Amino acid sequence: KPDDADRKAKVQALCEKFVERAFHRPLNDELKEFFVAKHFREVESVEDALQRCVILTLKSPRFTFREFGQSEFDAFDTAAWLSFSLWDSLPDQQLLDAAGKGQLNDRAGIERQAQRMVNDLRTRAKLARFFRHWLRVDHFPDIAKDKELYPEFDEQVVSDLRTSLELFVNDIAWSEKSDFRELLKSDEMYVNQRLAALYGVTIETSRPDEFQKVQIPDQQRAGVLTHPYLMAGFGYDKTSSPIHRGVFLAKSVLGRFIKPPPIAVAPFAPDLHPGLTTRRRIELQTSPESCQNCHGMINPLGFSLEHFDTIGRYRSEEFGKPVDSTGDYFAVNGTQVSFDGSAELSQFLITSPEPQVSFVNQLFQSLINQPAQAFDLKELDRLRGHFEEHEFSIRSEMVEIAVSTALKAKAVSAELAQDNSTP
Numbered sequence: 161k162p163d164d165a166d167r168k169a170k171v172q173a174l175c176e177k178f179v180e181r182a183f184h185r186p187l188n189d190e191l192k193e194f195f196v197a198k199h200f201r202e203v204e205s206v207e208d209a210l211q212r213c214v215i216l217t218l219k220s221p222r223f224t225f226r227e228f229g230q231s232e233f234d235a236f237d238t239a240a241w242l243s244f245s246l247w248d249s250l251p252d253q254q255l256l257d258a259a260g261k262g263q264l265n266d267r268a269g270i271e272r273q274a275q276r277m278v279n280d281l282r283t284r285a286k287l288a289r290f291f292r293h294w295l296r297v298d299h300f301p302d303i304a305k306d307k308e309l310y311p312e313f314d315e316q317v318v319s320d321l322r323t324s325l326e327l328f329v330n331d332i333a334w335s336e337k338s339d340f341r342e343l344l345k346s347d348e349m350y351v352n353q354r355l356a357a358l359y360g361v362t363i364e365t366s367r368p369d370e371f372q373k374v375q376i377p378d379q380q381r382a383g384v385l386t387h388p389y390l391m392a393g394f395g396y397d398k399t400s401s402p403i404h405r406g407v408f409l410a411k412s413v414l415g416r417f418i419k420p421p422p423i424a425v426a427p428f429a430p431d432l433h434p435g436l437t438t439r440r441r442i443e444l445q446t447s448p449e450s451c452q453n454c455h456g457m458i459n460p461l462g463f464s465l466e467h468f469d470t471i472g473r474y475r476s477e478e479f480g481k482p483v484d485s486t487g488d489y490f491a492v493n494g495t496q497v498s499f500d501g502s503a504e505l506s507q508f509l510i511t512s513p514e515p516q517v518s519f520v521n522q523l524f525q526s527l528i529n530q531p532a533q534a535f536d537l538k539e540l541d542r543l544r545g546h547f548e549e550h551e552f553s554i555r556s557e558m559v560e561i562a563v564s565t566a567l568k569a570k571a572v573s574a575e576l577a578q579d580n581s582t583p
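The sequence shown begins at 161 in our numbering and counts up one residue at a time.
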């Protein structure tokens with residue numbers, strides 16, 4: 161209150177706490193004097209002193225940058241490294257206390273805190289953002305389909321499908337095993353009454369908005385790769401798009417680099433060749449040799465998902481013709497893999513190291529905001545090995561990335577400090 165006798169002391173203490181949180185470390189006497197104490201001595205108004213303190217703190221490189229010129233990476237830097245890696249936020253009090261007690265000076269102590277932090281809601285939020293990026297769903301435009309062909313596919317269904325996908329991914333990521341492979345092979349799906357009716361699934365509930373986990377029979381689903389939300393997002397308003405689906409598989413799942421097309425090419429309209437399947441139209445349009453440099457990989461991957469129409473509904477025929485979902489892929493090691501449909505594609509993906517490397521690489525960049533090669537040219541191979549040794553646990557891999565990079569940053573800082581001290 162303005163008339164409290166100890167108001168100035170309370171506001172000054174609040175400012176000290178604010179600066180400590182902003183710099184994620186206790187203040188020494190020099191910092192306390194510069195950022196707080198002198199303003200309360202020099203300025204008569206408590207409000208003006210508070211304003212000076214806040215502005216100076218927020219303009220300081222110590223707040224703007226995570227590391228600021230320390231001679232060596234200390235325990236509080238380690239705490240900040242963990243919190244920004246796993247939470248995208250400041251260290252909590254428990255983490256700062258651990259740093260102050262010297263409990264972040266070795267791998268065991270750092271790993272203990274990372275294990276605690278990975279189960280926090282802030283980590284869940286960050287991992288959810290990563291999955292949206294990995295699956296490219298944040299790049300989807302407003303998903304809309306031809307109203308005459310798909311009258312039941314409306315905005316509510318799109319919202320339901322997004323919820324269904326999020327429930328599915330969260331269920332796997334936060335299960336006991338947290339097994340990455342389940343993302344690519346699970347035959348389960350979350351549906352409510354609207355989705356069940358649209359996708360031919362039976363559930364027992366009197367509440368239309370209640371989601372239930374169901375098992376899809378006959379190998380008709382293979383994890384996120386065949387989820388209707390992705391199939392609809394990577395599709396046109398009337399037809400599926402093997403090219404968009406193939407690009408997603410090649411870039412996001414397999415980690416392959418694909419050059420953008422030299423010119424913008426519009427797909428053949430379905431009514432231009434009304435008797436042809438989507439696959440055949442794509443084959444005709446991309447048959448020139450100049451197209452095959454990329455489409456030789458893209459098309460076969462996308463064709464493996466042709467059993468799903470543009471709203472992600474399973475089909476065995478298109479225009480009265482049997483769906484051809486055969487495809488092949490030349491792996492990085494030079495071997496050729498053939499598959500027929502999403503189930504066989506999924507089986508290849510869960511046994512190949514390429515999706516594992518791609519997933520770990522993208523997870524690393526999401527957590528650390530740097531490529532793994534910036535830390536060590538062999539870091540990605542080491543992390544993939546750790547992934548395999550721990551049964552492809554997503555949470556275990558997150559902990560390992562956060563802990564190992566914190567230790568690496570500390571080691572590099574110590575080397576630089578030693579080099580700078582050498583005459």
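Derived from the structure by calculation, the hints contain no laboratory data.
One thing to keep in mind: the hints can contain errors.
[Claimed, not checked] Pairs of lysine to any residue residues, derived as SDA-like cross-links and limited to a Cα-Cα distance of at most 20 Å, are as follows:
(1) Lys481 to Gln380
(2) Lys398 to Glu315
(3) Lys373 to Thr362
(4) Lys219 to Ala169
(5) Lys198 to Phe236
This structure is a prediction, so every number in the text was calculated from the model and none was measured.
Do the hints match the structure? See the list:
Note on lysine 481 and glutamine 380: the hinted pairing holds, with a Cα-Cα distance of about 19 Å set against a maximum of 20 Å. Between lysine 398 and glutamate 315, the direct Cα distance comes to roughly 16 Å. Compliance with the 20 Å bound is thereby established for this hinted pair. Between lysine 373 and threonine 362, the direct Cα distance comes to roughly 11 Å. Compliance with the 20 Å bound is thereby established for this hinted pair. Simply put, lysine 219 and alanine 169 have alpha-carbon atoms about 24 Å apart, too far for the 20 Å limit, and the pair is violated.
Distance restraint check for lysine 198 and phenylalanine 236: the Cα-Cα separation of roughly 25 Å exceeds the 20 Å cut-off, and the hinted pair is therefore not satisfied.
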